[in-house]
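S.K.: Given these sequences and hints, build the entire structure.
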Amino acid sequence: MHKNALTTRGWLLLLVLPVIALGLLYVLPVFNLVRISFAQYDPKLGVIPDYQISNYVALFVDVFYFEVLWRTIRVSLLVTLFCAVLGYPIAVYLIRSSGWRQTGIFIVLLMPLVTSVTVMSYGWLILLGRNGVINTIASGLGLIDVPRQFMYNETAIVVGLVHVLVVFMVISIAASLQSVDQTWVRAARSLGATPGVAFRAITLPLSLPGLRTGALLVFVLSMSAYATPTLLGGTRFKFLSYLVYQQAISLYNWPRGAAMAVMLLIATTALLALVSIYSQIRTIRANRRLREAQADGPAQVGAV
Amino acid sequence: MSQGCLVRPCFRASSTDPGETKSFLMEYLNVNGLEHSYATQRVLENVSFSINAGERLCLLGPSGCGKTTTLQVLAGFVKPDRGNVEIKGQRVDGMPPEKRNIGIMFQNYALFPHMSVFDNVAFGLRMRGVAKAEISARVMEALTLVRLPHAASKRPSQLSGGEQQRIAFSRAVVIRPSLLLLDEPFSNLDARLRLEMRTELLDLLRTLSVATVMVTHDQEEAMAIADRIAVMYRGRIEQIDTPDQIYRNPASLFVGRFIGESNVLPATALPDGRFQVDGVGAITARDTRPSRNATAVQLMIRPEHIELVDAAPGGEEWNSVEGVVERQLFLGHRTEWIVSVGGLKLTVWQSNAHVRRQVGEKVTLRWRSADSIIVGAEHANA
Amino acid sequence: MMLRAYVILFVCFLLAPIVAISAGSFTETSYVVFPPQGFTLKWYFAALGQRPLIEALGFSLAIGAISASVATLIALPLGLAITRYRSRLNIALYMLAMTPAMLPAVFLGLAFLIGYSWVGMGGSSWPLVAGHVVMTVPFALSLILVGLQSVDGTLELAARSLGASALKTFLVVTLPLISWSLAAGWGFAFLISFGALEVSLFLSTSTTVTLPVQIYTTLDWSPLDPTLTAISSGVVIITLAVLVITARTVRMDRFLKRGQR
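Line by line, the protein sequences are chains A, B and C. Under my numbering, the first residue of the first sequence is numbered 1, with each subsequent residue one higher. Under my numbering, the first residue of the second sequence is numbered 1001, with each subsequent residue one higher. Under my numbering, the first residue of the third sequence is numbered 2001, with each subsequent residue one higher.
For the record, the hints were derived by calculation from the structure and aren't laboratory data. Idealized CB from N, CA, C, for every residue including glycine. Among the clues, some could well be false.
[What the hints assert, rightly or not] If you want a taste of the chain A side facing chain B, the calculated C-beta under 10 Å gives, among others:
1) G46
2) T183
3) W184
4) V185
5) R189
6) S190
7) L191
8) A193
9) V197
10) A201
11) I202
12) L206
M.R.: This is the structure we're talking about:
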């Protein structure tokens, strides 16, 4: 009986096409991009293979760049928070439903993500613009006198991003809610916990891993977002990714654009790395405390 | 080693408080007329029973008999269509599970995976607002009771199956419940562990002396642990009695077959009080039926009560028949024969391992008349 | 109960822009307004008459189909290799295929632009296909992996023991059992490619414009043209159709109900 279903030859054979395809079409361009980010640009000559770190240095002294960076981070954190708070109840409902209702909610959650982002942004434009629905309803109800600008600001960006990204949060939370065994909840009830207390003591803590994964995912995707912030934020509220586009396409400065793209990647993954390091430290500390407690625990409490 | 009243509720027969002695005798748990259906399926039908304080009742039956549903009704997880439950004279069926003060041991133990053993056991006490120092003392005492005081800071995943079971038990009893519910406590353990834990559990239950309802499909477990057994089938209780009575005087064919093994022979009542079995002859038997109207009956004899002998005994005390050995199976601790008598086949068990017969050999079987029972119906309350 | 009410509210939030677009496409006015005034299909006809839009639609459909197919052809052998052979390299291979979904879209777009231009493919649509393939492989792969892992390994062993070669086993036993995940992977890859903006933005030339890019640029200079809503509704309908079909193939509860008591 073979330990593997495939022979080594078969395995390698299967990998030829995918690895070559991905290597040429993906890995090579990515490494090339990093290489270009160190190059220089001259409007007349194009890209000059003079490799220095000047593009990166220029970013660190660019105030405007930091403004945009800060805005991107700030809005992304807000989006993550909203997705977590708004998405959690949806995940709970999703787990509890079944069959077509569950599939239906799934589809509705996916629609914003999978339908072209331009279409979505256009929809928000119609709803939030000066002549849009919200304004029409609000002034019709007498809530406001002058049509207010809900578009082309950070609020619109937050709304648009939450709309598109909440599905990732819901799925992550749902996956870890899935692992909560209902007999644990029943055991807690039998021991005197009301449904609310049982949720807080049992279900919620056990769903935290899903919450964490979802938050990371949403944050990363929000940081990298292009279309939604650009279309909904107007000229004054750009995101980092727009700067990349601007440099590379509008200004033809590939090296500078490449440097910005790499910085965007670093900014995104840096936070990811920080969070995972933090949680690893916590786990190590908790395990150490556990081991110490075991060592001297029973001695104190009058064991037989 | 003091086992004060921190874990066990303090009622014993020797208590000097007259009020407590009285409650000891009063019916402690009263279940009346439970009826319940899931969709179109009848799950419980007129289930009623009572137990006294400190008594252990076992709900026994095959899957689908309604024993687990009954337990869930007692726990408060299922609201029955009809019927009510009283504990110590107080109606509990309106109460949510968290108010009933019932200790439950779940089949899969349901230990909270993200809490230490200490926090697991302390959970119920914390829900009741018990003071921190008292919690600590009571939890450690409960852990000591199940001989796991050093497990306090461990996680459930670090414990073996048997240890998890003991922790689940201590969590259920530390709250001093009015009623203890055990849901198939041994089904997740392997055979040898099951035997060990059964004895241990019995000792613990005797020490704590708390009213207990246990659900199991294993008749040996039920007989070992219970003061009384309720045999259930398809949502009905066929018989509630002590293990001894259930074994000796089954109320129905189902009970007779479910507990231990039985030979069942169709018979007709004779005017002289004996019973005619076609192809076998007239048999003297004990009639345990509540009503003696029917003349077509079933005769039950357990294989271990039948002996292979050389000569037919006389007298009314014994029945004896002639037969031919059809099959012989040596099973180690006993030998099993299939003997054909008339047109019927009887299973005979004997523990004299060195007795040997040939297939086709003519043999004489005998059994005490008192060991053959007449049973009326397939199911009681049919 | 309250949870239900909240879910309904939230569903309305999720569907709001889609409803706005679809409804707005029926308005009789020459600028988009919601609620729409009147009811007419003239904008749909107008959209059919606008060559750039229709060409872009056709182009997107073609690119989507091609990219999804190539991505599936890459993801299937990769998935088989990862699930049917134990090697530490498998993790690296998995990361190789999945990371495109984790990188910022503009990062990928620029990398593709620079990379493919230098190979001299700047003017054609091949860079676009290549970029979309890389982008959609993660989605195809994740669904194919689910399918492969759900097949009971002993089935394949049984076939082999009865004399079938590895290839035969794959064709006769494995393939039928994972066909749903292949279809789902294709469907998802198609949707991602069809709706993708950023990568297409970087790789588009005047002749190779995808529909999202066309809508995006049109939004800049005539945002209130109802023709745009008509074509957008078309996008929504196509997306919804493919999504529902894909969902049916996957039997979504498979993901979420495994192990639920």
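S.K.: Which of the listed hints are not met by the structure?
M.R.: Result: hint 1 breaks, nothing else.
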